[in-house]
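Quick note: the sequence shown, position 330, residue 1337 per the working numbering, numbers continuous.
Treat the hints loosely; a few may be bogus.
[Claimed, not checked] Taking lysine-lysine pairs in the DSS-like style, the calculated list, with each CA pair at most 25 Å apart, reads:
1. LYS1194 - LYS1231
2. LYS1120 - LYS1198
3. LYS1231 - LYS1120
4. LYS1198 - LYS1226
5. LYS1198 - LYS1231
6. LYS1087 - LYS1296
Think of the hints as simulated: they come from the structure by calculation, not from any bench.
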Amino acid sequence: RIIWLVAAILLVMGIIAWFSWRIPDRWHLSLKNFIIWMILIEIVLTAIFLSQFRESWQKDYTRESNYFTIQVVQGDVNVKVLVIDHLIHSYVRPGEPTFLLYDYTRVFAEIVKYIIREDPAPRVLHLGGGGYVFPRSMEAVYPESVNEVVEIDPAVTQVAHEELGLPLDTSIRTYNQDARLFLIQRKSGEKYNIVIGDVFNDRSTPFHLTTLEFNKLIKANMAKDGIYLVNIIDDYEQGRYLPAFINTLRHAFNYVYLFNTRENEKNAAASTFVIAATDHRINLTDYTKFITEDGKGNITGNPQDGNKLEEYLAAREPILLTDDYAPTDILVASLFR
């Protein structure tokens, strides 16, 4: 839009300059008058531009932090969209904390509902804040839950408060630091029943949050019956990151489950997956019956059969991600070719 505005001004300036050369001498514009005309025309065109696109320029928000380019743009039906660098990170409907637009957040909600069905007061650690979509949902749906967020960028937290409607008096507690450093420095205290991992960027992955050593650190801060839920993006058939991530989790946890947001993962291509890692077995048949209310309702996250997951990993011979070797950027590079 700005380019079109500049082009229009330059075009008008060119036309006036051409006429001032072609018309009789007595009608020639002096330099002073020419400048005055240009200023008037620019004012008129700018006013038209701002009036025409008033909704967009009034509602868009951009901020450069020490870590990211943060944008908030107006979406549809009172939805605000949080964009971090090139990634649409969150869709937020202020005043409606249970609004979950992204499929993976609904998968999180389904798994949490099943896991805490007998104890709706879990202690939850959210790695990555973003628009605080899932922490807000947990706070609203399970008011007795304890929610802590580790968000590396304080500007993201500030934007969530100022632009995305996160109340200043929220019960959600935020720590603005690196997730791994937080866990290392955390004093001994109550263990977490649930850990939510939502820290992955659009074209890069914080490699130090994917390794075996980090997974063991997560496990050390979890209750014995705790569960670690992570969302990642990859191509199911061709991707190398998904199998490596699952394989690495299996070296720290007894059970690892894959949930796909599409019915057929082979047709998923580049898609979002949720991985659940825990030391207690989940009966997937019972899980599906519980979420669908014996088949009467829908399910967002389709759990993959354990044998199928074994075959998937065996066919790919995935690497083990460690602090010494975690080429995550290379593993996800195929998604952006």
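(request) Assess, step by step, whether the Cα of LYS1120 is no farther than 25 Å from the Cα of LYS1198, and give holds or violated. (result) Status holds; Cα separation ~19 Å.
(message) Next pair to validate is LYS1087 with LYS1296; report whether the Cα-Cα distance is within 25 Å.
(response) Given that 25 Å is the threshold and the Cα spacing comes to 34 Å, the pair is violated.
(message) Would the hint linking LYS1198 and LYS1231 be met if the CA-CA limit is 25 Å?
(response) holds (9 Å)
(request) Decide if the proposed pair is consistent with the structure: LYS1231 and LYS1120, CA atoms, cutoff 25 Å inclusive. (result) holds (18 Å)
(request) Below or equal to 25 Å on CA atoms is what counts here, so check LYS1198 against LYS1226. (result) Holds, at roughly 10 Å.
(request) Please work out if LYS1194 and LYS1231 have their alpha carbons no farther apart than 25 Å. (result) Status holds; Cα separation ~18 Å.
Going through the hint list in order, the structure does not satisfy hint 6, though it satisfies all others.
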